[in-house]
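Quick mapping for you: the protein sequence lines, in order, are chains A and B. What the first sequence shows, in our numbering, is residues 40 to 482, in sequence order. What the second sequence shows, in our numbering, is residues 40 to 482, in sequence order.
These are calculated hints, taken from the structure and not from any lab test.
Copies of the same chain are indistinguishable here, so a pair counts whether it falls within one copy or spans any two.
The calculated DSSO-like cross-link candidates involving lysine-lysine, where the alpha carbons are at most 30 Å apart (straight line), are:
{"hint": "1", "residue 1": "202", "residue 2": "187"}
{"hint": "2", "residue 1": "54", "residue 2": "202"}
{"hint": "3", "residue 1": "446", "residue 2": "302"}
{"hint": "4", "residue 1": "302", "residue 2": "251"}
There are 2 protein chains.
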Amino acid sequence: LEEKKYFSARDELMKYNAADIAEIIEEITDDSEIRMTVILFRLLPKDVLVEAFSYLPSDLQVDIVNEITDKEINYIIQELDFDDKIDVLEELPANLVNKILEKTPKNERKQINTFLNYPENCAGSLMTPEYISLQKEWTVEDALEHIKEVGMDAETVYTCYVKDTGRKLIGIVSLSTLVVTDSDVKIKDIMKTEYIYEDVDRDQEEVSDDFKKYGYLAIPVVDKEHRLIGIITVDDILEVMEDEATEDIERMNGVIDFENSDKGYLDISVWHHALNRLPWLIILMIAYIFTGMIVTKFENSLSTVICLVAYMPMLMGTGGNTGSQAATLIIRGLATGEVETDDVWKILWKEFRIGIIIGVILSILNFARVIFIDGNSVMVACTVCAAMLFIVIFAKIIGSMIPLIVKKAHLDPALIANPAISSVSDAVALSIYFGMATLFLNL
Amino acid sequence: LEEKKYFSARDELMKYNAADIAEIIEEITDDSEIRMTVILFRLLPKDVLVEAFSYLPSDLQVDIVNEITDKEINYIIQELDFDDKIDVLEELPANLVNKILEKTPKNERKQINTFLNYPENCAGSLMTPEYISLQKEWTVEDALEHIKEVGMDAETVYTCYVKDTGRKLIGIVSLSTLVVTDSDVKIKDIMKTEYIYEDVDRDQEEVSDDFKKYGYLAIPVVDKEHRLIGIITVDDILEVMEDEATEDIERMNGVIDFENSDKGYLDISVWHHALNRLPWLIILMIAYIFTGMIVTKFENSLSTVICLVAYMPMLMGTGGNTGSQAATLIIRGLATGEVETDDVWKILWKEFRIGIIIGVILSILNFARVIFIDGNSVMVACTVCAAMLFIVIFAKIIGSMIPLIVKKAHLDPALIANPAISSVSDAVALSIYFGMATLFLNL
Numbered sequence: 040l041e042e043k044k045y046f047s048a049r050d051e052l053m054k055y056n057a058a059d060i061a062e063i064i065e066e067i068t069d070d071s072e073i074r075m076t077v078i079l080f081r082l083l084p085k086d087v088l089v090e091a092f093s094y095l096p097s098d099l100q101v102d103i104v105n106e107i108t109d110k111e112i113n114y115i116i117q118e119l120d121f122d123d124k125i126d127v128l129e130e131l132p133a134n135l136v137n138k139i140l141e142k143t144p145k146n147e148r149k150q151i152n153t154f155l156n157y158p159e160n161c162a163g164s165l166m167t168p169e170y171i172s173l174q175k176e177w178t179v180e181d182a183l184e185h186i187k188e189v190g191m192d193a194e195t196v197y198t199c200y201v202k203d204t205g206r207k208l209i210g211i212v213s214l215s216t217l218v219v220t221d222s223d224v225k226i227k228d229i230m231k232t233e234y235i236y237e238d239v240d241r242d243q244e245e246v247s248d249d250f251k252k253y254g255y256l257a258i259p260v261v262d263k264e265h266r267l268i269g270i271i272t273v274d275d276i277l278e279v280m281e282d283e284a285t286e287d288i289e290r291m292n293g294v295i296d297f298e299n300s301d302k303g304y305l306d307i308s309v310w311h312h313a314l315n316r317l318p319w320l321i322i323l324m325i326a327y328i329f330t331g332m333i334v335t336k337f338e339n340s341l342s343t344v345i346c347l348v349a350y351m352p353m354l355m356g357t358g359g360n361t362g363s364q365a366a367t368l369i370i371r372g373l374a375t376g377e378v379e380t381d382d383v384w385k386i387l388w389k390e391f392r393i394g395i396i397i398g399v400i401l402s403i404l405n406f407a408r409v410i411f412i413d414g415n416s417v418m419v420a421c422t423v424c425a426a427m428l429f430i431v432i433f434a435k436i437i438g439s440m441i442p443l444i445v446k447k448a449h450l451d452p453a454l455i456a457n458p459a460i461s462s463v464s465d466a467v468a469l470s471i472y473f474g475m476a477t478l479f480l481n482l
Numbered sequence: 040l041e042e043k044k045y046f047s048a049r050d051e052l053m054k055y056n057a058a059d060i061a062e063i064i065e066e067i068t069d070d071s072e073i074r075m076t077v078i079l080f081r082l083l084p085k086d087v088l089v090e091a092f093s094y095l096p097s098d099l100q101v102d103i104v105n106e107i108t109d110k111e112i113n114y115i116i117q118e119l120d121f122d123d124k125i126d127v128l129e130e131l132p133a134n135l136v137n138k139i140l141e142k143t144p145k146n147e148r149k150q151i152n153t154f155l156n157y158p159e160n161c162a163g164s165l166m167t168p169e170y171i172s173l174q175k176e177w178t179v180e181d182a183l184e185h186i187k188e189v190g191m192d193a194e195t196v197y198t199c200y201v202k203d204t205g206r207k208l209i210g211i212v213s214l215s216t217l218v219v220t221d222s223d224v225k226i227k228d229i230m231k232t233e234y235i236y237e238d239v240d241r242d243q244e245e246v247s248d249d250f251k252k253y254g255y256l257a258i259p260v261v262d263k264e265h266r267l268i269g270i271i272t273v274d275d276i277l278e279v280m281e282d283e284a285t286e287d288i289e290r291m292n293g294v295i296d297f298e299n300s301d302k303g304y305l306d307i308s309v310w311h312h313a314l315n316r317l318p319w320l321i322i323l324m325i326a327y328i329f330t331g332m333i334v335t336k337f338e339n340s341l342s343t344v345i346c347l348v349a350y351m352p353m354l355m356g357t358g359g360n361t362g363s364q365a366a367t368l369i370i371r372g373l374a375t376g377e378v379e380t381d382d383v384w385k386i387l388w389k390e391f392r393i394g395i396i397i398g399v400i401l402s403i404l405n406f407a408r409v410i411f412i413d414g415n416s417v418m419v420a421c422t423v424c425a426a427m428l429f430i431v432i433f434a435k436i437i438g439s440m441i442p443l444i445v446k447k448a449h450l451d452p453a454l455i456a457n458p459a460i461s462s463v464s465d466a467v468a469l470s471i472y473f474g475m476a477t478l479f480l481n482l
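Chain A extracted, bound-state conformation (with noise of 0.2 Å):
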């Protein structure tokens, strides 16, 4: 491929699919130059070009476009589908915006600014407004006439929406319908009055979850007034859903994604890379404070007996692991609707009977260990064995109960991550082992 081999390159990549074609250039750039991505590119026929385009990550769509010619950076433009266009636009310069705004039909700027303006991560955002819309006193045959003559993608086109004159969704129509529907009757009458919307500024997460629980393949997006402004089809909530997980995932685990972006782990800076993680790290280091001061206070105790100090790290861990598998359980719960606040009574009476077979297990298995690997003494062991049962189960009430009071909040549980968790752990596991330690070994 690199020895200029270009048209042979070209008719290999022919055999595949846009998707894949994506997926080789994007590891051809990896090797080399963008030059080189461009010229094969280039050689690309207009149609599939355009659609691999599309499956390019947002970085390597910029820096093509700052390679080609404004000629053909409007061609690739102007061919996207509507929503994939937003989504370029987006992450070209201002400048580059303009220009290629200037050569978009009067009618078609105008709904790209406004679709530009919508937030992100809201309903508006995902929409697009290709869609087929039809009158409620045609018949079957009329509509289907009038899909051949639009004739469109093939996801937006599996659903049809029936607006009155005023622009209001009245109701929808699927194109299964319409294809074994006699050719004479009239929409009206096989037309669903009731279905589900989406109001534009509707959150993505909730849209995601509209989706999983009624199976639908596109959804429409209405406006203050209920007018159709867009629908949303269920490949763009593939990609909705993954962005949520990985969000919940990396919140879950102290890391905050400042630049609430889809760009890859290697493409986030440094320094970006360390602001989103610096935060968590901070407030918990502010927070081991308090623990450095419970460890204090017991200093003199500890120095007499000070084969204690190496239970600490076992204990303090065994409370911020069982602890951070509570908190997840119930975060994830909360997250896919298992799981509601009002269950708390619930969830309190099942984590203190798992804590009590976990600690006790655990319990066991320790003092075994501390009497026959470490040779100390039956008190030791006893101090030691006590607070593993009472950390183990504390730990698990505060585990589960934090996501639900944070949720109770109207927060979101995954942003008290499990750091917070291990820390709050932590400090109850040292005050639970001095406190026996006080009561086995008189200190």
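Following the hints, put chain B in place on chain A, whose structure we already have.
Chain B only, in chain A's frame:
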């Protein structure tokens, strides 16, 4: 509702979508007896009843089946979509399944048995055999006529499949293509012969990656002879994606789901919860034996400068959290394909620099704390700060490298949970800390 106003309750329910009705029924069951649910259920019109039934969680489905007559069970099961039918049958006890299969037509019975045998989590378990198949010699008109005759569910009709005489898949045609093409054109002239398909034993995670990548609404499933045996529709993939995300999140935080089921948090028994969480806790306890040994070895020196103990929780906690942050980003990057195992040097270099930035900032803050808040000596402050810097750098490197090594060994990186990262980083943190103490305080 409780006051036997069943009919008004039914009229109220009928205003909703079947998915909403299922949700309401679920809530009612939470608060009252199953008998109540069954009474309400019987009042629903039969078609709504069947649809709502398909949206219920599987344990509630089984409960209801246990309460109703065999005739009712048969009716519901026979009317369900094929893939929902399989899902329900999988959960029912074997003798009930046999009773139901006895009353099923022989053809379908054979098919059901085949489907029940596909292992969970593979393409075969996700597919439905309800698809439209066309002949290549047909015209568009023949095809549309055929679709009208078989008239099927919306989501399965939008792509039609062309098979040869040996039942091998030779091409696909979308319904939208059929609708916009002139009626006398032959299917073989408009069908796409380059298409994406899945092998029947492909893992569901890879299938869902294909849906994300290509954005299709349905993908055909073929056997080893390339015979079409079913299709997977995108609405089932939404569930797969949510389940996979839940599994990853749980694994990363040290919960292994042995049941591997779709049961919710509240439905899993206390014993099972304990079983899911114990393995990592026990592995960690064993790992902490080594951490304990490190501390024990340093015991005598610690008792002379006992104030060092107070900083142990903070240094271990920060090391653990900073390591988990790096591990989380790499594990997630590997899952979404943003990061590959070949990127190991890039990642190492990146995390090294991030570690220095974060380490320096945290060290400076700590220096101030040790001197001004705790009133300890400059040498103690130097020990803590130098340890902090090296701990952060090493934790970042360990946290980012372990997932890559696990991936390279062809295991799931999410299996090496954050608890493992923090126990390794705890041991490293203590070794570095005591090393620094020896250096700065001549212990």
